[in-house]
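Colleague: With the hints as a guide, dock the two chains, each given alone in a separate frame, to form the complex.
Residue numbers (UniProt numbering), protein chains in the order written: chain A, 1 to 440; chain B, 1 to 251.
Be aware that a few hints might be false.
Claimed, not checked - Covered stretches of chain B (in silico footprint by chain A; criterion: 3 or more residues with CB under 8 Å from a CB of chain A, positions within the stretch not fixed):
1. 11-24
2. 32-45
3. 49-60
4. 88-101
5. 133-143
6. 171-181
7. 192-205
Derived from the structure by calculation, the hints contain no laboratory data. Ideal Cβ placement from N, Cα and C applies to all residues, glycine included.
Residue-level listing of the chains:
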Amino acid sequence: MESSSILDSLGVEIIGVMAPVSICMFLVVLLTYSLSVTSDPQIRTAANLIYVENPSDSATVKLEGSLENAIVFVVLVAAVTFVLVLLFYYNFTNFLKHYMRFSAFFVLGTMGGAIFLSIIQHFSIPVDSITCFVLLFNFTVLGTLSVFSEGMPIVVRQCYMVVMGIVVAAWFTKLPEWTTWFILVALALYDLVAVLAPGGPLKLLVELASTRDEELPAMVYEARPTVSSHRGRNGGGGSSLRVLVGGGVSDSGSVELQAVGNHDATHNLDYNAVAVMDIDSVDGGGRSPLAGNPREGHSASPVSSEHSRELASIGNRESVAEEEMSPLVELMGWGDNREEEPRGLEESDNFDRGIKLGLGDFIFYSVLVGRAAMYDLMTVYACYLAIISGLGCTLILLSVYNKALPALPISIMLGVVFYFLTRLLMEPFVVGMTTNLMMF
Amino acid sequence: MTVAAGIGYALLALGPSLSLFVSVISRKPFLILTLLSSTLVWLVSLIVLSGLWRPFLPLKANVVWPYALLVLSSVCFQEALRFLFWKLYMRLEDVLDSFADRISRPRLFLTDKLQIALAGGLGHGVAHAVFFCLSLLTPAFGPATFYVDRFSKVPFFLISAIIALAFVTIHTFSMVIAFEGYAKGNKVDQVIVPVIHLSAGMLTLVNFASEGCVIGVPLLYLVASLTLLHCGKMVWQRLIESRNQSGPTLR
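If we strip away everything but chain B, and leave its shape as in the complex, we get (with noise of 0.2 Å):
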């Protein structure tokens, strides 16, 4: 519509994510690259989907199978590349470690791992909102507006900004319920993460049907609400684990 309602879309599917990234990575260098890498590996994942899927592209309008099919082959992609990153992060940080011992400093803090963990994730969902969103917001600069058939209560750039934001939110944390849970080899965690990316992928099947987005957008941020919360008892409970771990030795 503007050049401010440009700004706007871009910032509500973004804005948290840019405040995150301001106050935890910015300080760290090596949490740049992380993200950087994540974000990377993201966008391979999409390429490869996309070169799978070419030969049958434009699917059908009309049709809701092959859309679910689609959505079902990209999140078990994504989410057995999610572990092979994770395999990749554990040879990381054992050299981190060595290189640690090496120059006599302290190794990995569980506040490090997490921290890398959370760039990692923020990465994923930046990309997932760059790609999904952004990239379809230069319309949006400059005079008119677009609407969708199935919704048309609101711009296509606003509900699209709207989606990511959830999605951001999903793919960041739990990222870091993902780490934690291969780490500790706890089953309830490894399997929850895979099950949030699917169910959040369906949901958005619902905006199939005309008017669809009435109810699929609420439940998306049901399900990343369950995410956040989940993320954060899980955080919270591993760090009063490791202060009362740590609390008999400190002089």
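Isolated chain A, as found in the complex (with noise of 0.2 Å):
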């Protein structure tokens, strides 16, 4: 009798993002408590190149130490991301990716086995080598094949991008504190400037995806929408943010959602909705009942009322319908880590394939969320709100612009805010205030 209220369905998309960043947070947040990781002052990293940060430095010259770590960082970024650039520009589309696998093997075998038996050995669980070796190896490989390739289950391809998150966010930790801080705030000035600027090597990598309609070889997480009940009814998904946002156009009402191909609702959940409008200019051999990934045939290009038709490349067709509202945003977030390996974007299309968000904001997000951990509770919360409150900013951002947006730098000022107003302001106060047992 009741007609299905508005509020069942409104912000699914935003939350679809935010419950893997939360997650990953808080496992990176459990692993710094029980691991007790301190900075070792004694890894020379890339980020650590010219200035070890030593505990009983001066705060002046820390002051310098740290400026200089995170200049040369970003330098060494921005240089890796240019080289992305050209790689991309001449073609080696296919080097690119072997190379995300290797990477993606390289940091789930060896820094996630790091962690797997610092754990061991901290918990003392009896596991015998061989057992563990061919438990990692295993893991390791299922990551390695979920990054790219198109039969696995979304479910497992989003776990493995946290996890590689949580990795390498918890080998971030290991830096010193200052050197920490000027890094995070280096790498959102940089993401904002390679993004927005013309000149910016983000920017040209959109474009360049755009122009050729191919999709990055770069590691998202994509925070798919499952199919919703609500067929034939325009229901969540990216159209209705922007259509509450931005006041969007009345087309949103003609939508039909519908899986590809008629198939059975088990397999479907995997792959995108597709959005019909006219039934009419469906390919002759109607929508075939496999789809290959159709990601595949993704266009990132902006506009167009036409139609487009793509083809897969296991030669699966499908009939893309596109409204007269512009694809939506992309949001790039980038960064690095030892093994120079490149994030990804975020973007959001009107298909209701819901938002995609770079691995490295997965990362640098829960860097800055580890490092509060390390002192204490208070300013972890404090932290993750600032993020959240971050993120959501910038998702609204992403409906409104309709263009790449960086996903780093509100999130990150936010969060180093909170970290120092909570530290220096709030914790003499609530502290004071608890312990003499008087609460509001």
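Modeller: And the structure:
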């Protein structure tokens, strides 16, 4: 009798992105606490090239040293990104994909393996080395396979993205304190410049990808919404957010969501829901019952109110209709680690495919929260809230501006500000009150 | 004392809110967003307050009136912020209603509005519990425990968790009362919320006296149950009212 309220599905796509970010941060905090990872000043890494921080140095020495470290790190990241743009420009896409698989293997195997070993040591779990090796090997191989292959269930890929984010972030928290903060701020600024400034490498990359109608070979977390029960209605998804925020076009009422192929529901959840507007222009063979990953044919090009059909690589065909609304923005976050593994971009499009968030954004949010965890739980919660609200703001801007936006700056700036405010102002206030058992 | 005790204290303070979250709020993503934003508002208010009071800290531990002033100013500030939060919510309601019209779906129901208010209140309550109780629980996961001078019968963590539970209840349900009061222009409801908050804050001052918690905490729970009862009565009346209103139009 009662028709469903709009409150049922509003905001699904935002939660679809915030939930894995929260899980990643929570697990990194747990890891930091349980393993009591202290910053070991003896590690020499790309982040430590110039100045190795020593807790006994004076404040000015630390300041200068950390600033130099941060600048060098950002320069390295920028250089690698330019190399990436060049490779992509000259169509070395396969090489990039293989390299990314290799780096996923390496990250999960060595860095993940080191974390597993320290967990086993810390909790005295009785497991022998051969079993451990076999398990680790299986885990790593599955992760590598899930990075770019088409047949994997989306849940596996999402889990592995989160795991990789956790592993790299846990490694990053080993860096010394001042260096970490400076690197975070420097990367946030770099992200802002690289995505929005006209000569920025990430902007070039996005434009290249969109002019070629190709997908970027990058590690992104895709928060695909499952095929909702709102068949034939304009249920959640990106379009509702845009209509809500931007006062969108009335086309949204005419979109019908359909899963690709009239296939069994068990498999369809893995594939994108495709918006179909003109039934008569469907290709003669109809939609094939087995859709290869439709993402392969995804177009990031702006605009066009006409039909576009794309051929997936295994010869399946799907018709894709584009509404008059231009596809939604791409948000890019970039970052790097020792392996120089590029992060990806965040984009959302009007096919209700959900929002994509780059892996590096996961990593650096978790690094910030992990570093806050080394001080106190209060700072953790404050930084978590700051990052989540920054992410929310970025997503709203995404739906308003319809172009690539960096996901790092707002969140990192808010996080850093809240960390220092909490540490300096709130802590004496709250602790002073609660130890006297007074609250409000 | 141990990990088990630490988790126990955390669940004592946040158990009911966790079950409320899982059963009501996690069903609708919009409510999760409301919860997060109200937690953020509470955090910001706390930071502003601590910024204002920072030059005067640390307060002397034996004198009551600075603490009374602290509690009074904090409560007044937070109530003012609650009113602003409600104004923001009214604007949001307009946006949501026009959005609903645009996609030809029904407008916000009464239960929707009540749920949003509940999520907002729960956000305040969870923020209170986390900042005043959970953030100090880290030593509780270790091997020892801690007693305060003013109340030597019960470990500090336990008593702070109990007080936090009372406050979570108060915050959660007074937000519902406040939203309904502001929406209907009901003076009783509008006034009762700051009064409850202030009296709860002042009751914790009773803890200042040695062994004062024996009186303070039960009184606090009395205030919390009064809030619950008033909120329940008010919501029940509103629901009956709205059902009677829409009754004759049911096909």
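Colleague: Checked against the structure, which of the hints given earlier come out wrong?
Modeller: Those not satisfied are hints 1 and 6.
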